Structures are given as structure tokens and as C-alpha cells.
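Asks: Which chain is which? The protein sequence lines are A and R, in order.
Going from the first sequence to our numbering is simple: count from 1 and add 1039.
Going from the second sequence to our numbering is simple: count from 1 and add 955.
Simulated from the structure, these hints should not be mistaken for lab results.
It is possible that some hints are incorrect.
Think about it this way: if two alpha-carbon atoms lie no more than 35 Å apart in a straight line, the pair counts; the simulated DSBU-like pairs of lysine-lysine are [as the list claims (entries may be wrong)]: (1) Lys1149(A) - Lys1449(R); (2) Lys1371(R) - Lys1395(R); (3) Lys1217(R) - Lys1139(R); (4) Lys1285(R) - Lys1113(A); (5) Lys1212(A) - Lys1113(A); (6) Lys1204(R) - Lys1227(R); (7) Lys1228(R) - Lys1217(R); (8) Lys1168(A) - Lys1371(R); (9) Lys1113(A) - Lys1371(R); (10) Lys1371(R) - Lys1149(A); (11) Lys1146(A) - Lys1285(R); (12) Lys1100(A) - Lys1371(R); (13) Lys1449(R) - Lys1168(A); (14) Lys1162(A) - Lys1371(R); (15) Lys1037(R) - Lys1091(R); (16) Lys1146(A) - Lys1371(R).
Partial selection, computed: residues in chain R whose CB lies under 10 Å from chain A [said to hold, decoys possible]: (17) Arg1353; (18) Gly1354; (19) Arg1356; (20) Ala1358; (21) Met1360; (22) Ser1361; (23) Leu1362; (24) Pro1365; (25) Leu1368; (26) Asp1372; (27) Pro1376; (28) Gln1377.
No experiment lies behind these values; they were computed from the predicted model shown.
Ideal placement from N, C-alpha and C gives every residue a C-beta, glycine not left out.
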Amino acid sequence: MLRTENLHKSFGSLNVLNGITTVINTGEVVAILGPSGSGKSTFLRCLNLLETPTQGHIFFKDIDITRPQSNILKMRENIGMVFQHFNLFPHMTVLQNITYAPMRVRKQTKADATTIALNLLQKVGLEEKAHVYPARLSGGQKQRVAIARTLAMQPEMVLFDEPTSALDPEMVKEVLEVMQDLARSGMTMAIVTHEMGFAREVASRILFINEGQIAEDAQPEQFFSNPTCDRAKIFLEKMLK
Amino acid sequence: MGFHSRNKFFNTDQSTKTWGRLGRFRAKWLVPTFAIAIVSISWMLHGTTPIPAQDIPTTLIMGTSADYKPFEFHDTSSGEDKIVGFDIDIANRLAQELGFKLEIKDMEFNGLIPALQSGRVDFVMAGMTPTPERQKNVDFSDIYYTSQNTIIAKKEANLTTTEVLKGKTVGAQLGSLQQEVAEKIPGATVVTRNRVPDLIQEINAKRIDAAIVEDTIARPYAAVYPDLNFAVIPNKDGGYAIAFPKGSKLVQPFNQVMANMKQDGSLDALAKKWFEDQGKPAGLGFQQIIPSIPFILGGVWVTLAFTFVSALLGFAWAIVLALCKISTLKPLRWLANAYTSIFRGTPLILQIALVYFATPQLTGYNIPAFQAGVIAFALNSGAYVSETLRAGIMAVDRGQREAAMSLGVPYSLMMKDIILPQALRNILPALANEAINLLKDSALVSTIGAADLLRRATIVGAEKYLYFEPLIVAGVVYYVLVMLLTIATSALEKRLQKSA
Chain A
1040 MLRTENLHKS FGSLNVLNGI TTVINTGEVV AILGPSGSGK STFLRCLNLL ETPTQGHIFF
1100 KDIDITRPQS NILKMRENIG MVFQHFNLFP HMTVLQNITY APMRVRKQTK ADATTIALNL
1160 LQKVGLEEKA HVYPARLSGG QKQRVAIART LAMQPEMVLF DEPTSALDPE MVKEVLEVMQ
1220 DLARSGMTMA IVTHEMGFAR EVASRILFIN EGQIAEDAQP EQFFSNPTCD RAKIFLEKML
1280 K
Chain R
956 MGFHSRNKFF NTDQSTKTWG RLGRFRAKWL VPTFAIAIVS ISWMLHGTTP IPAQDIPTTL
1016 IMGTSADYKP FEFHDTSSGE DKIVGFDIDI ANRLAQELGF KLEIKDMEFN GLIPALQSGR
1076 VDFVMAGMTP TPERQKNVDF SDIYYTSQNT IIAKKEANLT TTEVLKGKTV GAQLGSLQQE
1136 VAEKIPGATV VTRNRVPDLI QEINAKRIDA AIVEDTIARP YAAVYPDLNF AVIPNKDGGY
1196 AIAFPKGSKL VQPFNQVMAN MKQDGSLDAL AKKWFEDQGK PAGLGFQQII PSIPFILGGV
1256 WVTLAFTFVS ALLGFAWAIV LALCKISTLK PLRWLANAYT SIFRGTPLIL QIALVYFATP
1316 QLTGYNIPAF QAGVIAFALN SGAYVSETLR AGIMAVDRGQ REAAMSLGVP YSLMMKDIIL
1376 PQALRNILPA LANEAINLLK DSALVSTIGA ADLLRRATIV GAEKYLYFEP LIVAGVVYYV
1436 LVMLLTIATS ALEKRLQKSA
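In isolation and in its complexed conformation, chain A is listed as follows (with noise of 0.2 Å):
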């Protein structure tokens, strides 16, 4: 569904990115992990061109997105993503929230987008904040609604950026289970997260990424059991402890 080739991304001097060449296929769940700093968060706001990068190409279902004359909001209707801050709209409702993109940039119409994002909060068992602001949520409740709507747009494939690190605890778990969820029904998912746990329990993949190169590009049980380089084996003994 989603192929890279040779991406490089550098915010001036700095290299993020140094040629990263993968495939994500549909319906996989891949835990991108690596240490802080390592460019896994760049890797994957480029995958949206929320950055643009500096050099290589992505393709969406054959498509170059990178050249110039792509439709890039086309691609992005087809690719959600969820925030580490949420970044939920504080002047609307969660309902208002849910049935924006739908109506605006779908053009459905209101009782079908009202329709889906109903469905949408029940899913992740909001339905009751419907017509609350994103400023009485707890922040478990905002990632929820995070992700009910970008499921609103109807994606083929969902970006998660540290979707659990901004949380307290005890939120984690209301959060991770509605992902799981998702990743049964079948989305093609690709997650950056240090929750090790769910990596192992719910990724159909792993990469790790160690300054701005997949380092490993493994099933999660030979990737946790038998990590084959250093690096990788140094950030599970400390993540792991």
C-alpha cells in the first residue's frame, strides 16, 4: 500500500532521515520503534508529508506522492493519523469534531456524517461526550475521539504518532484497546510507540530505526526473543527492565 524509497529528510544541517527504503503492505500493523532522536517520528510524518522530505520518493498504492503536481490532499483523505497531543479542535464539539473532515471534505451530508460519528463514539464507548467540548475529556477520552475521527474520513491506512505518551497511565490501557480493536478488523496500521508490550502483542511487524536507517525489520517475536543488532539490543534492555 505504502512504499518508500531512499528517503532522506535534514532540517538544515541536521540529518533526520538517511535513506529509508521500506514497504508497508496492506492490512499490516507496523510498530516503528528506536530510541529518541532516532528520526522514527519524522519517518512517519513523512509518510503524510506532514514533512516534506529532502530527498527519495513515496508511493501510495503505486503513486508518487513526493512529485510536485501530486494531490496531496487527495492522499492524506486516505491516510489518518493520530497526534501524540491529539490535537483534538477545542471550539467544536467531539460530535463537531468527528463530522467536519466528512462533510467538508467528503461531502457527506450532515445526518450520514452524524450517522458514522455516532457509530464512530460508540466504538470507542464515547457516545455519551457527543456534545461536549474536547476541554472536558479526560485525555484517554480525547485520544479516542482522535481516532474516531480520523475513522471518520474513512482512511485506507492510519498513522500513530506516540499516540499513548502524552497520557497518564492509568489511561494507556482505554487507548490501546481500542487500537487493538482496529488492527483486527484488518486496518493498515503504522504506529511509533514505546509501548513494548503492545508492539509485541499487536504489530504484525517491527522496525527499528537507529539514526535515520531501519536497523532491523523483524516479526515481533524474533524482534523481542533474538533482536539481531546491537543497538537494538540495548534499547530492549533498557525499555524492557
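Position chain R relative to chain A; hints supplied.
Replies: Relative to chain A, chain R alone:
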């Protein structure tokens, strides 16, 4: 725009209603009597059907500076604004006899000759003396009134002749004949003010020693200010005439009518009406202006409409500018920044004057004061608010933008629905401040003659020979308006905070 309504005060069209048009008058003494009957009957049958006459257009615009009682001034004692006076009566008579519809345009005295030259007005009656300097630029009718000048000074100063004014500071109305008279006094320092009431006030405040004022103008002040002395300067030349654009065809017919008025005594009758029947003012201070308070309060709507329209347009313009400033296109950023720099770096009052006076010359559109003021204010306010808005947009969390982008929301929708609403909430207190500033600064449009609160207060002041009282009334009204605006915006802020 609301300002057009001011024309209703100024149209003196009773001429056509009561007298018919020029043809009837001329018929009275140019053709045999039976013609009168025919013309009169046809006129009665057809109402105000104009009978073509000479080269005189059906409507003529007269420029005046209606702060020159008793020649021309605003009468507000009925609660409505009417320009009246000796000159106005003569003008109405001219309109009757020559069969044109008279429109009066009120402006500052020193703007009258430029107005003639630019074709804004067809003739000027404003107690204007034909000096050689003025005759270079405009044509004059015969003299219809001979003026004398008076030295006004504090009684104890004992300044009664031009000789003793040597070394003194002498005031005169800017652009008036008296300014020239004052400048000819050897050794005197001449200062000018825009209006005669300002001069009187300057004498009272002892900022100037004396002022040279036209005699009939000066006389009524004697009743109001008993500690002032009024000394007539012996007259050598001078007198008032009607001014026309160079080569105007109106001069001859106007002279003809005025010659008739001199002959039949109606000119003297008007002089008697305006110069001698000036009773003592009734009551003192505030009591005197009570009848005029409704007129001053009428300015509230002008001021509010002006503020509202300017704020709205300025805000829309500010959004455009702010979007240019955060644009990735360098030329747009540069233009918006240069624009802001210019409009913040020059005085607002100058911008107003430029828009008002330059627009007719550049475009041929005779822009009304209200519109000119709104445009200048919107352009100016846009520059200030765009900076605030830019800061407000930058203060919106970056994640908001990214969330919208990741949902495939196009830039324009993202700005309109996601970023701007949040930016506005951030800068609401600053915007409220701007609205309050606009409300107060709107008083600046009085300089180009828009009938706002301040203008109306000064008009009443000139009419009643009072200075402070009308200004205090206007000041109280401004304060109340600002307070109401403050209360309204803080209520709005509270409501917004609740929903956040």
C-alpha cells in the same frame, strides 16, 4: 451610507415649490403681460415642470463654511440641522429668481477655493472678500456686503488700534481675509485657527493677545463675553462677493439679481434681519444648548455607523493582510509588511485628508465625507489589526494545523474554520481595544465635515458662541458609548471562555 441623509438637511428646494423656475420670473418683465398668464397657468397645470432658461443648470451646489454667524451657520435649536444666515438667504433668493435648485455643501473655509477649482461646488458664498490673490484663481461677483474688521482683545489689555498690536500675538481665521489684515500689522505675530470660536477661546485662555474678526461676526460675542473689548478697524477696502470658478457663466445673471435686490431694498432688509435683530442669548451655559442636545445626540448614529462599518471593513482587510504575512510567497509578505509600515507610520488624520481630497482629483468620483472616512479608517485599522491577527494565528497550536492537514482539509477551509476562530478567541481583548480606539478616533472625521458627534458639538458651539458646554456634552456621550462597548466585549469574552 448613512451620510447621504445629510443632504436632506441641506436641500433648500422650497424655491421650486413656491416660485417656479426662472422662466416665470423673466417673463414678468421681459415679455408682455399675457405671457405671464400663459406661463403661470402652464406652470400651475404641470406642477414643477422646469422651463428651460439661459445656461443655468437645474441644480447648483453652493460651497460655504457654516461657522460664520450671522452670514452662515448651523441652526440646531429645532433639534434638526439647518444652515441659515445672511448669505444663505441671498442664495435662496438667487435660486428663486434664476430657477435653480440650491444644494449647500458645508466645508472648512480654506477648502472653498480648492472646491471651486476642482468643480466640487458651482459657487461659493462664505463672506469671502475678493482679494487680488483670490482673483487669480476664481472669479467674483459684485460686492454684496461691505465688511469691517474688529480687533477683539481682553478689556484690560487695551488693544484698540492696529498700531498698538505691534509685538503682540494676533489671531485670525485660517484662509480668511482677516488673516491677511493681521499679517499686514507691523510687528505682530500672526497665528491662525480654523474657526472663529477657537480664536475667542484662545483670547480667553490668553494664548493670544488679540484677534482680527469681521465686525458682524464679532459683535454677538460682546453679549456673551463682557470682559472682551471690540474695536472696529476703519475700513479701507474689502466687502463680500460670491466666488465662481474661472470663466463661470453664472457671474452675469447673479450680478443682475443682486442689483435688483439692492434696488428694491430686499438686501437691506436681509442685513437688518441678520445683523441687528440678534437678541441676547437666553439663559447661560448648558441651559442654552439644551434645545440643541437632540441635534448633538443625532451624531451618535453617525459615529456608531461609522465605527461599525470601518471596524468591519478594516477587519476583513486585516484578514487578507495577515494571510499575506504568513504566506510562503515572499512578494506577498513583503507587500503586506510594507503596507503596514506605511499606514502605521503616518498620521491617521493625514490619511483621511488624502483620501477625501485626492479621490475626486484622481478618479473624478466626488467621494462623500462618510465614505472617505470609512475607507481611510478601514485601511488604517487593517494595518494595525493585521499585526494582532498574525500574532494570534501564530499563537494557535501547530498541532491544529497538522490535524487539519492530516484530514485532507484544504488551506482555505482550515484557515476559515480551524485556525481563525481560535486566533480570534486569542486576540478578542485586543480587538475590543481596537474597536474602542476606532470609536474615539472617529471624531477625526469631523475634520472633513462628516456630521458626527464632535462635528455637531462644534457646530452648536459656533451657533451659541459657547465653547466648552457642547464639547462636554459630546465627551459624556463618547464616554458612555465606550463604556457600553467595554461592558459588551467583556460579556462576550466571558461567554467564549465558558465554551472553551
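Asks: Quickly compare the C-alpha distance for Lys1212(A) and Lys1113(A) to 35 Å and report which way the hint goes.
Replies: holds, 33 Å
Asks: Do the alpha carbons of Lys1146(A) and Lys1371(R) lie within 35 Å of each other, as the hint requires?
Replies: With a Cα-Cα distance of about 17 Å, the restraint between Lys1146(A) and Lys1371(R) holds, given a limit of 35 Å.
Asks: Does Lys1227(R) lie within 35 Å of Lys1204(R) when you go C-alpha to C-alpha?
Replies: This hinted pair holds, its Cα atoms lying about 31 Å apart.
Asks: CA of Lys1168(A) to CA of Lys1371(R), is that 35 Å or under?
Replies: holds, 26 Å
Asks: Should the hint that Arg1356(R) touches chain A count as held when the rule is a Cβ pair under 10 Å?
Replies: Since the shortest Cβ distance to chain A is 9 Å, the answer is holds.
Asks: Quick one, is the Asp1372(R) hint okay against chain A at 10 Å, beta carbons?
Replies: holds, 7 Å
Asks: Hint check: Lys1371(R) vs Lys1149(A), CA-CA at most 35 Å. Holds or violated?
Replies: Holds: Lys1371(R) and Lys1149(A) sit about 19 Å apart, inside 35 Å.
Asks: Decide if the proposed pair is consistent with the structure: Lys1449(R) and Lys1168(A), CA atoms, cutoff 35 Å inclusive.
Replies: Given pair Lys1449(R), Lys1168(A) holds - Cα atoms ~23 Å apart, limit 35 Å.
Asks: Would the pair Lys1113(A) and Lys1371(R) pass a check requiring their Cα atoms to be no farther apart than 35 Å?
Replies: Answer holds: Lys1113(A) to Lys1371(R) is near 20 Å, not above 35 Å.
Asks: Hint check: Lys1149(A) vs Lys1449(R), CA-CA at most 35 Å. Holds or violated?
Replies: Holds. Lys1149(A) to Lys1449(R) sits at ~30 Å (cutoff 35 Å).
Asks: Against the 35 Å threshold, does the CA-CA distance of Lys1217(R) and Lys1139(R) hold or violate the hint?
Replies: Measuring from Cα to Cα gives roughly 32 Å; hence the hint holds.
Asks: Are the Cα positions of Lys1037(R) and Lys1091(R) separated by 35 Å at most?
Replies: Satisfied, since the Cα-Cα distance of roughly 33 Å is no more than 35 Å.
Consistency note: the structure conflicts with none of the earlier hints.
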